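Take the sequence shown: its position 37, counting from 1, is numbered 37 in the UniProt record's numbering, and each next residue is one higher.
Calculated from the structure, these hints are not laboratory results. Treat the numbers as computed from the prediction; the structure is a model and nothing was measured. Take the hints with a grain of salt, since some may be wrong.
To be verified - The following label-pair restraints were derived from C-beta to C-beta distances:
no. : residue 1 : residue 2 : range
1   : L26       : R149      : 30 to 38 Å
2   : T18       : S130      : 19 to 27 Å
3   : E29       : T70       : 20 to 28 Å
4   : T135      : P39       : 40 to 48 Å
5   : N157      : D103      : 33 to 41 Å
6   : N131      : P66       : 31 to 39 Å
7   : R149      : P42       : 31 to 39 Å
8   : E84       : E53       : 23 to 31 Å
9   : G101      : T142      : 31 to 39 Å
10  : P9        : V46       : 38 to 46 Å
11  : M1        : S130      : 35 to 43 Å
12  : E84       : N131      : 18 to 26 Å
13  : R107      : T142      : 21 to 29 Å
14  : A21       : K133      : 32 to 40 Å
To be verified - Straight-line distance between alpha carbons at most 20 Å, and here's what the computed SDA-like set of lysine to any residue pairs gives:
no. : residue 1 : residue 2
15  : K115      : A99
16  : K117      : M1
17  : K156      : G58
18  : K133      : S92
19  : K117      : E14
20  : K152      : Q59
21  : K98       : E84
22  : K117      : K156
Beta carbons: idealized from backbone N, C-alpha and C, even for Gly.
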Amino acid sequence: MHRAEFQSPIGVVEIIGTEQAIVSILFSEKEEMDYPISPDSPQVIVDCQRQLEEYFNGQRLEFTIPCQSTGTEFQQQVWSALTEVPYAETVSYGAIAKAIGSDKAVRAVGNANSKNKLTIVVPCHRIIGSNGKLTGYAGTLTRKEWLLRHEKEVGKNTPPANKT
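Required output: the full structure, derived from the provided sequences and hints.
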């Protein structure tokens, strides 16, 4: 496994991957980076950092890096449904449960959401409570709020043809 870290506007982001795919993108509570991109970093890690930086700069609405996640079949279904939530939009945990055909599995969806290791790329920050309030986010609610505000701001300045 290879690792790299970079400073985002809302904290250090740690990227872990193989030579072929990204397996983890998580916020770190560290103040300093210990693993910046190096000449030995695989291209997939370099591309991931570049795409995340483009996202934070408002230049990227979707990601094209190869990712690999490990989880139960249910978790995989939830994570796949998360990728269908459009940029700058939010849906409830209940809507995700419905989307995967498990209407009553709202808490299980929340639990699967919390196990997502591909933050931002698999946009678990776009999932909110049925009352419209921000709830649960492994990267902190402050970051969740920042990400949603960022996407709304970028989204309103992006021509419809470029939104996906």
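Taking the hints in turn, this is what the structure says about them:
{"no.": "1", "hint": "L26 to R149: 30 to 38 Å", "in the structure": "violated, 20 Å"}
{"no.": "2", "hint": "T18 to S130: 19 to 27 Å", "in the structure": "violated, 38 Å"}
{"no.": "3", "hint": "E29 to T70: 20 to 28 Å", "in the structure": "holds, 23 Å"}
{"no.": "4", "hint": "T135 to P39: 40 to 48 Å", "in the structure": "holds, 42 Å"}
{"no.": "5", "hint": "N157 to D103: 33 to 41 Å", "in the structure": "holds, 36 Å"}
{"no.": "6", "hint": "N131 to P66: 31 to 39 Å", "in the structure": "holds, 37 Å"}
{"no.": "7", "hint": "R149 to P42: 31 to 39 Å", "in the structure": "holds, 32 Å"}
{"no.": "8", "hint": "E84 to E53: 23 to 31 Å", "in the structure": "holds, 24 Å"}
{"no.": "9", "hint": "G101 to T142: 31 to 39 Å", "in the structure": "holds, 33 Å"}
{"no.": "10", "hint": "P9 to V46: 38 to 46 Å", "in the structure": "violated, 20 Å"}
{"no.": "11", "hint": "M1 to S130: 35 to 43 Å", "in the structure": "holds, 38 Å"}
{"no.": "12", "hint": "E84 to N131: 18 to 26 Å", "in the structure": "holds, 22 Å"}
{"no.": "13", "hint": "R107 to T142: 21 to 29 Å", "in the structure": "holds, 24 Å"}
{"no.": "14", "hint": "A21 to K133: 32 to 40 Å", "in the structure": "holds, 34 Å"}
{"no.": "15", "hint": "K115 to A99", "in the structure": "holds, 18 Å"}
{"no.": "16", "hint": "K117 to M1", "in the structure": "holds, 15 Å"}
{"no.": "17", "hint": "K156 to G58", "in the structure": "holds, 11 Å"}
{"no.": "18", "hint": "K133 to S92", "in the structure": "holds, 9 Å"}
{"no.": "19", "hint": "K117 to E14", "in the structure": "holds, 11 Å"}
{"no.": "20", "hint": "K152 to Q59", "in the structure": "holds, 13 Å"}
{"no.": "21", "hint": "K98 to E84", "in the structure": "holds, 13 Å"}
{"no.": "22", "hint": "K117 to K156", "in the structure": "violated, 28 Å"}
In this structure, the hints that do not hold are numbers 1, 2, 10, 22, in rising order.
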